[in-house]
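Q: Here is what each chain is made of, one letter per residue.
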Amino acid sequence: MSIIYVLIPIAILFVCIGLAIFFWAVRSRQFDDLNKEGMSILFEDEKKAVKPEVNPDKQPPQ
Amino acid sequence: MSYTGCFHCNEAIPAGSDFSLSIEQQPRQFCCPGCLAVAETIIDQGLGDYYKFRTAPASKAQLVPDQLQLINYDSAEVLADLTQHKADQTQIELSIAGISCAACAWLIEKQLKKNPAIKSVSVNSSTARCVVSWDVKQLKLSDLLNSINQLGYQASPFMADQEEAVQQAELRRFLKRLAVSGFMSMQVMMLAFGLYFGDYTGIEPEFEGYLRWISLFLTTPVVFYSAKPFTLSAWRAIKGRELNMDVPVTLAVFYTFLASAYATVFDTGEVYFESVCMFVFLLQLGKFFEFRARTQARAATGNLLKIMPVSARLVQGDELVPTSARRLEAGQIILVQAGETIAADGVVLSGQSSVDESMLTGEYKAVNKASGDTVMAGSINHDGVLKVTVHQALAHSRLGQIIELQQQTLNQKPQIVEKTTKLARFFIQRLLIIAFATFLLWYFWLDQDRAFWVTLSVLVATCPCALTLATPTAITCALARLNRKGILIKNQQVLEILPQLNSIFLDKTGSLTQGRFSIQRTHLHDTAYSEDFLLALIARVEAYSEHPIAKAFSTYLTTTIKVEQVQVHVGSGLSAHWVQHDGTSADVKVGSAAFCGVQNESAAVCCCINNQLVFTVELSDALRPEVPALVKALKQRGLALSMLTGDSSAQVEAVQQQLEFDQVFKGCSPEQKVDHIRQAVAKGDKVLMLGDGINDSPCFHAAHVSVALDSGTDLSKNQADVVLLHNDLNLVQELIEGAVLAQRIVKQNLWWAVGYNLVIIPLAVMGFVSPYVAVIGMSFSSILVVSNSLRLLKA
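Here the protein sequences line up with chains A and B, keeping their order. Per our numbering, the very first residue in the first sequence carries number 87; after that it's consecutive. Per our numbering, the very first residue in the second sequence carries number 4; after that it's consecutive.
Next up, chain A with everything else stripped away, as it sits in the complex:
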């Protein structure tokens, strides 16, 4: 069981890293709008207009 002397400090280290990343994210204003970022995954980053065979229905009507 003495392995916990190693494993628990490692776990704590990970917690600290996680917290540090979270603090950085908060400071760089990533949490200022809690609604928008959750939605952003739904939208494609760059609309590839030259791919009609994939998304034929998204072409603008003529």
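Just so you know, not all the hints are guaranteed correct.
[Claimed, not checked] Which stretches of chain B does chain A cover? Using the computed rule of at least three CB atoms under 8 Å from a CB of chain A, they are:
id, region
1, 171–177
2, 181–188
[Unchecked claim] When the alpha-carbon atoms are kept at most 25 Å apart in a straight line, the in silico SDA-like pairs for lysine to any residue are as follows:
id, chain 1, residue 1, chain 2, residue 2
3, B, Lys116, A, Phe117
4, B, Lys55, B, Ile16
5, B, Lys55, A, Ser126
6, B, Lys179, A, Asp118
7, B, Lys143, B, Val169
8, B, Lys179, A, Phe108
9, B, Lys179, A, Ala111
10, B, Lys55, A, Leu128
11, B, Lys117, A, Gly104
12, B, Lys290, A, Phe108
13, B, Lys231, B, Gly185
14, B, Lys179, A, Gly104
15, B, Lys116, A, Ser126
16, B, Lys488, A, Met125
[Unchecked claim] Among the chain B residues that face chain A by a calculated CB cut under 8 Å, a handful are:
id, residue
17, Asp52
18, Phe56
19, Ala105
20, Ala106
21, Ala108
22, Trp109
23, Ser123
24, Asn127
25, Ser129
26, Phe210
27, Ile217
Simulated from the structure, these hints should not be mistaken for lab results. Quick caveat, the model's predicted, so the values are computed rather than measured. Using N, Cα and C, we set each Cβ at its ideal position, and we do this for glycine too.
Using the hints, position chain B against chain A.
A: Same frame as chain A, but now just chain B:
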């Protein structure tokens, strides 16, 4: 989403209109050319994803954005007032009206990022603000604003006030503290499970000590960082010789923490690190939800600068120089075109127009202005062009004064001492005395060794968790419940006051009534035309007017009728040529009886075709449909109802006859309104004020509870304690009911918490309760209180 109405805004599609567009091979119907144009832009730009993922319909698009006003923003002076320069880039903060969900933010960001002149865009969908940095040399501000307007939103420059920046910083601190207590709670809980199992199956003292030390290490930041707001608040209270709810919280946190630390260091007794962490985390979470609700309410409504005119056109000789409204001085002459906001108080030098002063007076009827008449800053010029001599700088204008009056009344809000604070004070005093007495009793007379642990179990068992959670959890759940129904509560004290309410003051124009003209009666004089056709014809012609009367017809607008040469005759009406199907045209006149040359006609709008009277329409500012039932229901609750209005016309009597208020005050200035409410407050009444205009907002601070309507001005929404998000006055009933329900739950919680303590204290003092049992009792009563509060979320 399913669409029964307009594909863009989901409003009903007026009969006879045909605006359709094929989107993804499906024909979609629209309610007006505005929505159609916006949808066309969105689809043409390849942003059709917006319609797929949005969670709320868009707001109805306006066809003609105020292009004239926008151009004024390009003047160097105005730009300097509104923007910040960083190297070759200019940064501006915009307030965007019409953002309804996260998809809107995406849409605006996408659209703006397409322009190479724009370096960065960030839209915040919960506060409806947008920060843009761009190159002014490549793109004018007016074009930037216009590209947002094309998507159906109204963007206007905005300057965040100090308070808002502070709140943003506070939000970030909240998130960090929550993260620390949340992460640590998980870790400590995990270790605590190891210790629980150790108690059952046996654990080597060496490992037990190790787990305790780690828990101590992990709990330290929670106690000293996450719980800091509670500690500071408690410290302030004690310094001011007061006791608030944070005092027992801090006491519980520190006492439990120090006792556990003592137990860890000296390897004796029990540890409660997991309780400390969870307690701090849960309390923080409650506070965080409350804070978020408040910031959202504030940001969504707090937009003072929008009503302050930004730009003006200065007349210098023959030239027109755009300038910033804030730099206007007395004696200067400005030109105000149709649709523009008047930038300063002054006197009309030349020109004739009708002006909407409803923002300042609450009166929606347009006032005719000719040379020599005074005009006020913040009012909107409808149809004519005015030259105005400036009398006072913007800060000293009537608008500025009303805002000032508001600031003055801000600190004079009648205070109600929170009941729970009183209870806490009483309870904590007794608790501290009992704990101290217990310690002395055991130390000197009973068992010196057990004194510390018995005192601890007294404090832990009675740990005021349940007591401290009783009110906040119930209030948070009540806020969430009301929010879901469309009631935004910015000041949660109102929930405590509302059940004691006995008097309601209501504003008339815009609150009890719809605040706009609607068609009351029509009369057909020539049966050759149908009524529907004539309404559509009038709507077609009136579409060219900015006058409030014109808006009464906008729902009848169709595209099938063709008119040409529409002319606006200031203060009287419009004339046009109607092109019939066979190509011939007829003269159409729409306007006042005198304008149409008709005698003995009292109707507000007459319509003539080829100088022949064919149709008359009577207009009125109708009561909201739900008002009579609401007034009856409020009276049944035993509330005294009073009507406060700036209006002194006969309509007040008509409304009074129908609704029978207990008191009516008519023709009131904003100052008089405040006085009437102060008198009621001085009498000892608990007063609610419901209003919508700028002229009502000073009253908001005088009353115990203030309620603003969503259709009201931004200023009034900013100042009110409660904002009704749907234009439905029945929400007032919901609000009162919700508050009564919340109070009942709080009472139940308090009874339980106090009752439990009364049973456990004697047992603990006698030493029958081991700290272990005390923790179970404490957790159980906390869970009971929280689940009781959660009942508020149902239904």
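Q: All hints are to be evaluated individually against the structure, with a verdict given for each.
A: Hint check results:
Evaluation of the coverage hint for the region 171–177 of chain B: fulfilled, as 3 residues show C-beta separations to chain A shorter than 8 Å, against a requirement of three. With 4 residues having a beta carbon nearer than 8 Å to a beta carbon of chain A, the region 181–188 of chain B meets the requirement of three or more and the stated coverage holds. Between Lys116/B and Phe117/A the CA atoms are separated by roughly 21 Å; this keeps the pair inside 25 Å, and the hint holds. Distance hint between Lys55/B and Ile16/B is fulfilled; the C-alpha atoms sit about 21 Å from each other, no more than 25 Å.
A distance of roughly 13 Å separates the Cα atoms of Lys55/B and Ser126/A; the hinted pair therefore holds under the 25 Å criterion. A distance of roughly 12 Å separates the Cα atoms of Lys179/B and Asp118/A; the hinted pair therefore holds under the 25 Å criterion. Between Lys143/B and Val169/B the alpha-carbon distance is near 31 Å, which puts this suggested pair outside the 25 Å criterion. In summary, the hint linking Lys179/B to Phe108/A is supported, as the alpha carbons are separated by about 8 Å, within the 25 Å threshold.
For the suggested pair Lys179/B and Ala111/A, the alpha carbons sit about 10 Å apart, so the restraint of at most 25 Å is met. Using a Cα cut-off of 25 Å, the hinted pair Lys55/B and Leu128/A holds, with the two alpha carbons roughly 9 Å apart. Distance restraint check for Lys117/B and Gly104/A: the Cα-Cα separation of roughly 35 Å exceeds the 25 Å cut-off, and the hinted pair is therefore not satisfied. For a cut-off of 25 Å, the pair hint linking Lys290/B to Phe108/A stands: about 20 Å separates their Cα positions.
Taking the CA atoms of Lys231/B and Gly185/B, the gap is near 15 Å; set against the 25 Å cutoff, the hint holds. Restraint check for Lys179/B and Gly104/A: the C-alpha separation of about 12 Å stays at or below 25 Å, so the hint holds. At roughly 15 Å between alpha-carbon atoms, Lys116/B and Ser126/A fall within 25 Å of each other, so this suggested pair holds. A C-alpha spacing of about 23 Å is found between Lys488/B and Met125/A, which places the hinted pair at or below 25 Å, so the restraint holds.
At a threshold of 8 Å, the smallest CB-CB gap from Asp52/B to chain A is about 5 Å, leaving the interface hint in force. Because the closest C-beta pair between Phe56/B and chain A is about 5 Å apart, less than 8 Å, the hint holds. A distance limit of 8 Å between C-beta atoms decides the matter here; for Ala105/B the minimum to chain A is near 4 Å, and the interface restraint holds. Interface restraint check for Ala106/B: the shortest CB-CB distance to chain A comes to about 6 Å, inside 8 Å, so the restraint holds.
Look at Ala108/B: its Cβ gets to within about 5 Å of chain A, closer than 8 Å, so that hint holds up. With a least beta-carbon distance of about 5 Å to chain A, the hint placing Trp109/B at the interface is held under the 8 Å criterion. Interface restraint check: Ser123/B against chain A, minimum CB-CB distance 12 Å, threshold 8 Å, status violated. Evaluation of the Asn127/B hint against chain A yields a held restraint, the C-beta minimum of about 4 Å falling below 8 Å.
The criterion of a C-beta within 8 Å of any C-beta in chain A is met by Ser129/B, whose closest approach is roughly 5 Å, and the hint holds. The beta carbon of Phe210/B is positioned within 8 Å of a beta carbon in chain A (closest approach about 6 Å), and the interface hint is therefore held. At about 6 Å, the closest approach between the beta carbon of Ile217/B and any beta carbon in chain A falls short of 8 Å, and the interface hint on this residue holds.
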